[in-house]
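*Asks:* Chains as they are written, first to last, in my numbering: chain V, 647 to 831; chain S, 4 to 130.
Everything labelled a hint here was simulated from the structure, so no lab data went into it.
Some hints here could point you the wrong way.
[As the list claims (entries may be wrong)] Derived list of chain V stretches under chain S, where covered just means 3 residues or more per stretch with a C-beta under 8 Å from a C-beta of chain S: (1) 649-657; (2) 684-690; (3) 715-721; (4) 753-766.
It should be emphasised that the depicted structure is a prediction, and the values quoted were computed from it without experimental measurement.
For every residue, glycine included, the Cβ atom is placed at its ideal position computed from N, Cα and C.
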Amino acid sequence: MEDLSLHILDIAENSIAAGAKRVDIRIRESRREDLLSIEIADDGSGMKQDMLKKATDPFFTTRTTRRVGLGLPLFEQAARAAGGECRIVSRPGSGTSVTGVFRYSHVDRQPLGDIAETLLTLAVGNPGMEFTCRRQTDDADVFFNTAEIEAELRGAPIHSPAGIAAVRKSLERLREGVTHAVGNR
Amino acid sequence: MPKLKLEDLAEVREKARKATSLREGAARVKMTVHMGTCGIAAGARKIVEAALREVEQGDLRDVMVTTSGCAGLCSREPMATVEVVGEAPVKYVDLTEAKVKAIFKEHILGGKIVEQYALAIGSERAY
Ligand SMILES: Nc1ncnc2c1ncn2[C@@H]1O[C@H](COP(=O)(O)OP(=O)(O)OP(=O)(O)O)[C@@H](O)[C@H]1O
Ligand SMILES: [Mg+2]
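Assemble the whole structure, with the sequences as input and the hints as a guide.
*Replies:* Rendered as structure tokens:
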């Protein structure tokens, strides 16, 4: 996986596969604390305790098309390589939350990448689901929510040309808000 | 009023069918990009992005770009399935942004399957 925004897309795909109606993504970038954390929380089917223990083992998967599951092991590996870790909290029936923490300044920390593209793909590719993304830096705090966009669209599908344009516009606000504050990374 | 030809009737029926499918909110064409871990690692997000640009630029209100889980053919990712209403689905493999452009022009808008990008298993075409 080239960057963290692609890991986020991949982990959110697990949520979708688990029947989630809503996925909340939270990104905290703090240079002050030398910390980057990424949380992906869903209201999907969740995992039982024994399954949760195996979830980051590449030889565990509930999928039937391939015998290994790579998404969670890759995310965990990316976190460990950057002096951090991956934590998963899950309860059957109430959902799952996957958190990766990274040392912000670690040489092996992957760049965040294009988080707006990830949200565009999730929002447009899964009509009827709700996605939120909160991105906090030391001096900015931006929020994205597909429910707001759906309300503005008044019945036009999110995958229509008007819908796609509305999602892009909303993501631009998220992007801008952050670049202003973060400056030149 | 000029005499109605068979082609005209076909056209009338086609228009009526399109109007119905629009009313029902069903798209004329659905493109599904597969989003398993291998698909994403192989560039599936760029494929979605390229398809969405085509929809926006052409103002294609009857084309729906969507995503789904892994299709199980990891070595041929990125992959997408194109379904035109009333026709058998076509799986496209090893996609690039340029191929997406061609698939929109020739298949989705032109009605002609881009055979060289479609999946073939042995001599049997998988569409
Ligand atoms: N958010 C989630 N909710 C419920 N179960 C999950 C969730 N995330 C992962 N799992 C379970 O853990 C398994 C391993 O996930 P992982 O992402 O590593 O592999 P995969 O999704 O099976 O395959 P791949 O990601 O390689 O396409 C999944 O098959 C699923 O059973
Ligand atoms: Mg996965």
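*Asks:* Could you run down the list of hints and mark each one as holding or not?
*Replies:* Cross-check of the supplied hints:
Judged by the Cβ-Cβ criterion of 8 Å, the stretch 649-657 of chain V is covered by chain S as claimed, because 3 of its residues qualify and three suffice. Check result for the stretch 684-690 of chain V against chain S: violated, 0 residues qualifying (beta carbon to beta carbon below 8 Å, three or more required). With 4 residues carrying a beta carbon less than 8 Å from a beta carbon of chain S, the stretch 715-721 of chain V meets the three-residue requirement, and the given coverage holds. Coverage of a stretch by a chain is defined here by at least three residues with a beta carbon nearer than 8 Å to that chain's beta carbons; for the stretch 753-766 of chain V and chain S the count is 3, and the condition holds.
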